[in-house]
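Here the protein sequences come in this chain order: X and G. With numbering that gives the first Met the number 0, letter number 64 in the first sequence gets 63, and the count goes up by one each step, no holes. With numbering that gives the first Met the number 0, letter number 192 in the second sequence gets 191, and the count goes up by one each step, no holes.
The hints are simulated quantities; they were obtained by calculation from the structure and are not laboratory data. Please read all numbers here as calculations on a predicted model, not as lab measurements. Certain hints may be false.
Unchecked claim - The calculated PhoX-like cross-link candidates involving lysine-lysine, where the alpha carbons are at most 25 Å apart (straight line), are:
#  : chain 1 : residue 1 : chain 2 : residue 2
1  : G       : K204      : G       : K134
2  : X       : K180      : X       : K47
3  : G       : K175      : X       : K79
4  : G       : K196      : G       : K134
5  : G       : K327      : X       : K135
6  : X       : K79       : X       : K47
7  : X       : K87       : G       : K173
8  : X       : K79       : G       : K173
9  : X       : K180      : X       : K22
10 : X       : K79       : X       : K135
11 : G       : K175      : G       : K196
12 : X       : K87       : X       : K180
13 : G       : K175      : X       : K87
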Amino acid sequence: MDGARTLILLAIVAASSAASGNKLISPRTKIAVARSPLMVNPSIEWNKLDARPGRNAETWTLDGDALNDVTFYGGIPAGKTLFAEVDKRNRPLPRVSATMLLTDIPPLFENSYRIALDTPLMNIDSVEPMAFAGSKGVRFTYSFTRQNEEVHRRGEGRAAMIGGKLYMITYEAPILHYFDKSLAAFRQLADSASF
Amino acid sequence: MEADEEERVLRDSRFVITDLKLNAYVRNIFCRTVGDERCKNVRIYILRIPHLNATMYPNGMMTIWSGLLLRVRSEAELGAVLGHEFAHFELRHSLKGFQAQRSTGDWLTWTALLGVNMQSAMIGSFYSFTRDQEKQADLLGLEYLAKSVYPSSVAANIWDRTMAEQDAAEAGRKRKARHSYSAGIFASHPTDLTRSKYLREAAAKQADAGDPGEAAYREGMASWLPEFLHDQIKLNDFGGSEYLLQQLAGDNWTSELLYTRAQLYRLRGNPRDLVSAAQFYQQAIDKGFSRADARRDLGLTLLRAQQIESGRMALQRYLDENPEAPDKAMIAALLAD
Chain X
0 MDGARTLILL AIVAASSAAS GNKLISPRTK IAVARSPLMV NPSIEWNKLD ARPGRNAETW
60 TLDGDALNDV TFYGGIPAGK TLFAEVDKRN RPLPRVSATM LLTDIPPLFE NSYRIALDTP
120 LMNIDSVEPM AFAGSKGVRF TYSFTRQNEE VHRRGEGRAA MIGGKLYMIT YEAPILHYFD
180 KSLAAFRQLA DSASF
Chain G
0 MEADEEERVL RDSRFVITDL KLNAYVRNIF CRTVGDERCK NVRIYILRIP HLNATMYPNG
60 MMTIWSGLLL RVRSEAELGA VLGHEFAHFE LRHSLKGFQA QRSTGDWLTW TALLGVNMQS
120 AMIGSFYSFT RDQEKQADLL GLEYLAKSVY PSSVAANIWD RTMAEQDAAE AGRKRKARHS
180 YSAGIFASHP TDLTRSKYLR EAAAKQADAG DPGEAAYREG MASWLPEFLH DQIKLNDFGG
240 SEYLLQQLAG DNWTSELLYT RAQLYRLRGN PRDLVSAAQF YQQAIDKGFS RADARRDLGL
300 TLLRAQQIES GRMALQRYLD ENPEAPDKAM IAALLAD
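All chains should be modelled from the sequences, with the hints used to inform the complete structure.
Next comes the structure, spelled out in structure tokens:
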């Protein structure tokens, strides 16, 4: 197990060093995320990945995005997708609507994942009210498995519609070991969200 | 053999549907189509992948995708597709393709493709058959059907409906129908139109009869239908999904189909879709839809459509009738606004 983990970590280090613009995020400093007015204040050091899932999105990780992935969605406007289309012609992603209720956010996220990752093994496991960045919001949990990988991942998200735009933070990691390991760090980030 | 390694991975996959009853039912249809002697050489894996496909590997492994089970209308139609796949095996097409790939292919590409054992796009590209092989398999598959309890005349229906579904999907995306009526030089499969035509001609020559088993198929799939529909409507393919629902319903919209149709319209979420969705939810409830979700989803749809009072009433009723609902806090929060 340790050997395997070392190998995985080495692979991630190699992958990270190949991508030029990854950046360390200093703790205890308010920082704007996802090219938006949304701010967070991390209590520990994170790595911001250079590759963005979409124009208004940004990903942070601790050990590599396959092991723990926090993604910020910074005010996705009506008519836009959560992340970049993978195959717009044959598998178009659903789009944000300004009239969405809080309860419409988790299904939008679920269906975007189902289409982009080409998997029906993606489910929203719970939905409850929770303030996000000072607004009425939703907290949801989810779990999914991508095709060709078989790793069972769990996730947690917080989201709100603010001024007709969708703001959201999600965290996901393999259920085995990693999800629990970094959950507190994610929750601290999500709790710190503000404008 | 590499297919054995793929099977080893597939056997433990989370995508495999392990329901014994469903597996036994599907296997029985396959055996009735090709006969027990041929059937015993094949190992079937039903995969939860919401697209129309089945695959046959050179080692006797067959995969059947849930999107196929959702789309065929009778035991005979499923038998037709599975017979076609088995025909590739009996004709040793995979092995011929395999050898061709090995002699001309690049080793690195080859192993890379094996690594992505289940990706819908890849599976076709590696174990793809030539257009002639597809036609041979079509005609041999039809012969199995003609000799079985099932009528071979159904084989063409699948391709007719596939074309109609593709047209509906394109129309739903505000595009023109694009399925090609003549196969391009690089296409490995005959066009659906060509297929439908020669299958109909071959079936007319066979002139066999039999019960296609439509009612039995509906019964056999009943417990999985809601799951497969659930996967389908989340693909953001409004036109194709609406076509499938209409095909499934015919002139009998069950409460399950009405509920699914409501979900489909609500997901698209245009103002007029929300009006339609609310009507379908109400019709599902009136027809005795069994799960409380319909009342909640009706309420949420009405709220989003700005019919605040009736939406709140439906949500309040959902909470009253389901005091232990797992999402009660979320619904109560919406009501408190």
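Hints and how they fare:
1. Note on G/K204 and G/K134: the hinted pairing holds, with a Cα-Cα distance of about 16 Å set against a maximum of 25 Å.
2. Proposed proximity of X/K180 and X/K47 is supported: the alpha carbons are some 19 Å apart, at most 25 Å.
3. With a C-alpha separation of about 23 Å, the suggested pairing of G/K175 with X/K79 holds against the 25 Å cut-off.
4. A threshold of 25 Å between alpha carbons decides the hint, and for G/K196 with G/K134 the separation of about 12 Å falls inside it, so the pair holds.
5. Of the pairs offered as hints, the one joining G/K327 and X/K135 holds, with about 16 Å between alpha carbons and a cut-off of 25 Å not exceeded.
6. Our distance criterion of 25 Å between C-alpha atoms is met by X/K79 and X/K47, whose separation comes to about 23 Å.
7. Under the criterion of a C-alpha separation no larger than 25 Å, the hint pairing X/K87 with G/K173 is consistent with the structure, at around 13 Å.
8. A hinted pair counts as satisfied when its Cα atoms are at most 25 Å apart, and X/K79 with G/K173 qualifies at roughly 18 Å.
9. Of the supplied pair hints, the one linking X/K180 and X/K22 holds, its CA atoms being roughly 22 Å apart against a limit of 25 Å.
10. Pair hint X/K79 plus X/K135 holds up; C-alpha atoms about 22 Å apart against a cutoff of 25 Å.
11. Straight-line distance between C-alpha atoms of G/K175 and G/K196 comes to about 23 Å, which keeps the hinted pair within the 25 Å bound.
12. Of the pairs offered as hints, the one joining X/K87 and X/K180 is violated, with about 36 Å between alpha carbons and a cut-off of 25 Å exceeded.
13. For the given pair, G/K175 sits about 16 Å from X/K87 by alpha-carbon distance, which is consistent with the 25 Å threshold.
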